[in-house]
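Sequence order for the protein chains is Z and Y.
Counted from 1, the first sequence has number 599 at position 264 by the working numbering; the numbering is strictly sequential.
Counted from 1, the second sequence has number 520 at position 185 by the working numbering; the numbering is strictly sequential.
Quick caveat, the hints were computed from the structure, so don't treat them as lab data.
These numbers were taken from a predicted model, which means no experiment stands behind them.
The beta-carbon is built from N, C-alpha and C at its ideal position, and this holds for glycine as well.
One or more hints might be untrue.
Partner residues are not named here, just some residues of chain Z that face chain Y (Cβ under 7 Å, in silico) [to be verified]:
no. : residue
1   : Asp424
2   : Asn431
3   : Phe470
4   : Ser475
5   : Ser479
6   : Val496
7   : Leu501
8   : Phe618
These stretches of chain Z come out as covered by chain Y in the derived footprint (C-beta under 8 Å, 3 or more residues) [to be verified]:
no. : segment
9   : 440 to 450
10  : 480 to 492
Number of protein chains: 2
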Amino acid sequence: MTSISHVNANVLQAAQERIQQDLTTALDAFDLPEPLKSAVYHTVMLGGKRVRPALCYAVASMEKNPNYAAARRAAVAVELIHCYSLAHDDLPCMDNDLLRRGQPTCHVAFGEDTALLAGDILQSMAFEVLGSRLFDQQNSVDASIVLRQMQILATASSKMVCGQVLDLQAEGKEIDQEQLENIHRNKTGALIQAALMMGAVTLFSGMDQAIPHLRQFGQRIGLAFQVQDDILDIISSTETLGKTAGKDQQVQKSTYPALMGLDAAQNYAKNLHDQALASLDYFGDAAIELQQIVQFLLSRKS
Amino acid sequence: MTSISHVNANVLQAAQERIQQDLTTALDAFDLPEPLKSAVYHTVMLGGKRVRPALCYAVASMEKNPNYAAARRAAVAVELIHCYSLAHDDLPCMDNDLLRRGQPTCHVAFGEDTALLAGDILQSMAFEVLGSRLFDQQNSVDASIVLRQMQILATASSKMVCGQVLDLQAEGKEIDQEQLENIHRNKTGALIQAALMMGAVTLFSGMDQAIPHLRQFGQRIGLAFQVQDDILDIISSTETLGKTAGKDQQVQKSTYPALMGLDAAQNYAKNLHDQALASLDYFGDAAIELQQIVQFLLSRKS
Numbered sequence: 336m337t338s339i340s341h342v343n344a345n346v347l348q349a350a351q352e353r354i355q356q357d358l359t360t361a362l363d364a365f366d367l368p369e370p371l372k373s374a375v376y377h378t379v380m381l382g383g384k385r386v387r388p389a390l391c392y393a394v395a396s397m398e399k400n401p402n403y404a405a406a407r408r409a410a411v412a413v414e415l416i417h418c419y420s421l422a423h424d425d426l427p428c429m430d431n432d433l434l435r436r437g438q439p440t441c442h443v444a445f446g447e448d449t450a451l452l453a454g455d456i457l458q459s460m461a462f463e464v465l466g467s468r469l470f471d472q473q474n475s476v477d478a479s480i481v482l483r484q485m486q487i488l489a490t491a492s493s494k495m496v497c498g499q500v501l502d503l504q505a506e507g508k509e510i511d512q513e514q515l516e517n518i519h520r521n522k523t524g525a526l527i528q529a530a531l532m533m534g535a536v537t538l539f540s541g542m543d544q545a546i547p548h549l550r551q552f553g554q555r556i557g558l559a560f561q562v563q564d565d566i567l568d569i570i571s572s573t574e575t576l577g578k579t580a581g582k583d584q585q586v587q588k589s590t591y592p593a594l595m596g597l598d599a600a601q602n603y604a605k606n607l608h609d610q611a612l613a614s615l616d617y618f619g620d621a622a623i624e625l626q627q628i629v630q631f632l633l634s635r636k637s
Numbered sequence: 336m337t338s339i340s341h342v343n344a345n346v347l348q349a350a351q352e353r354i355q356q357d358l359t360t361a362l363d364a365f366d367l368p369e370p371l372k373s374a375v376y377h378t379v380m381l382g383g384k385r386v387r388p389a390l391c392y393a394v395a396s397m398e399k400n401p402n403y404a405a406a407r408r409a410a411v412a413v414e415l416i417h418c419y420s421l422a423h424d425d426l427p428c429m430d431n432d433l434l435r436r437g438q439p440t441c442h443v444a445f446g447e448d449t450a451l452l453a454g455d456i457l458q459s460m461a462f463e464v465l466g467s468r469l470f471d472q473q474n475s476v477d478a479s480i481v482l483r484q485m486q487i488l489a490t491a492s493s494k495m496v497c498g499q500v501l502d503l504q505a506e507g508k509e510i511d512q513e514q515l516e517n518i519h520r521n522k523t524g525a526l527i528q529a530a531l532m533m534g535a536v537t538l539f540s541g542m543d544q545a546i547p548h549l550r551q552f553g554q555r556i557g558l559a560f561q562v563q564d565d566i567l568d569i570i571s572s573t574e575t576l577g578k579t580a581g582k583d584q585q586v587q588k589s590t591y592p593a594l595m596g597l598d599a600a601q602n603y604a605k606n607l608h609d610q611a612l613a614s615l616d617y618f619g620d621a622a623i624e625l626q627q628i629v630q631f632l633l634s635r636k637s
């Protein structure tokens, strides 16, 4: 019998391969001047876990899906938004990070002006991809699906920025768990939720009833993801993380380990993953890919 | 008989009043944390000529238009994109401008981090507004119109960033008129074009034939606008402009007066305005508001 962690790796790996290809196809469709082009490829193609696209694919694969191309566009779009946020978060006026995924951050490699503009264009490129006919064999687009995806993605992108503001406001201050979770619901949770929902709206049937379950799953896995991130910032090395470890403590950032202690944070992460899995019960076997992604996320080392 | 300049002022003024109200309605619909909220209002509500919304309204009013609400959303969206670009262009790593519309720029008033995030969220807010039901009495949205508006706006936003990159690349270099026009076609022309096109797609009939004429008008008025901007940077005072005058020469920016001399640039601007008016002949009396906007743009002092 294949071990669970092996199966998990395969689902993630298949998603990573697909998104890597689709991102390449998408980026290659743009005609960008240098050095913007190199900065955009640098920011997008360095890898990363590609969790958001994987979640989008997993939802869109829960039943036979004639609109799967729209889910593929959404997976690219949500990853482009994520990448734009990384390029901007790393800027000197924000986190001033020098290392990302084991490589120099965008502004270190290309300068602040180009990194700013790379982030800016990645956001509009996300909406261009969403409204394009990329990956579509039939050359037809269901406008109502795209409209819903645009609403979902735009709202999540705005929330992400609000979360970033709340996070900056909280630096060096004592905040409680409710405030911390409000930050993360916006900063990382909203985009994870959006990845799921943009996949869900491509499905034909029954998703109206399913949406609340999926939304609950999204909230839990989004929060679990963040708690795990906070833990890894403490227990992992810079080498494993691919970004500067211990950074949170350095800037007196509010984190779950800081708030509740490392052991309690690890328990909390485990519980949130279990709760996320429980939210998937409604879907039965259709949720197998989502389950595997949850398993992977709990066991990840970076 | 009312003088032309008086009529012009009225068309622009009516558009400015409408957009000011609609922007307020739109911004008030968002729940933003401080200091982001103040930074966003500061960037958006200080005024400006509101040329892009005015062009969008003028096109959408060319015939009886049951989808006028979609044009109003587009007018707000295009102005939010324009405002995001201003907040980011003014940043220290870009033009490092301290004054905009007679007021401190966003980063001077709120800090670089907040100005960066204000620009970021203004971009996603633009797409949120586009996909919303704002201003809609019937509470119904034609998804295919919104999809086309999203495609137009996202493409123009990306082009704007490319134009900015080309502009930065050209600083301190000698470039010819073709290269200069390529910069401006992207940097300012694309968004002006988008304002017209997002208005056009809300119209029921005949716009397919009309589109090439409108596109030509957009190219000409977009270029005319930029040439006039370059001229005003030289002949106007900082007080009249509301931003630092003489800035272009200071940073050795390629401009039309630098390329062809001030007199020739003024002639060129006049010719472009005339050509823009000629592109409107196709529309007859329906283009009266667009004609008046052109007249106003040629006579503007800031």
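Going down the list of hints, with the structure as the test:
1. Asp424: Since chain Y brings no Cβ nearer than about 10 Å to aspartate 424 (chain Z), farther than 7 Å, the hint is violated.
2. Asn431: violated, 10 Å
3. Phe470: Hint on phenylalanine 470 (chain Z): violated, closest Cβ of chain Y at ~16 Å, above 7 Å.
4. Ser475: violated, 12 Å
5. Ser479: holds, 4 Å
6. Val496: holds, 4 Å
7. Leu501: Check passed: Cβ of leucine 501 (chain Z) comes within 6 Å of chain Y, closer than 7 Å.
8. Phe618: violated, 28 Å
9. 440 to 450: Coverage by chain Y holds for the segment 440 to 450 of chain Z (4 residues, Cβ < 8 Å).
10. 480 to 492: Since 8 is at least three, the answer is holds.
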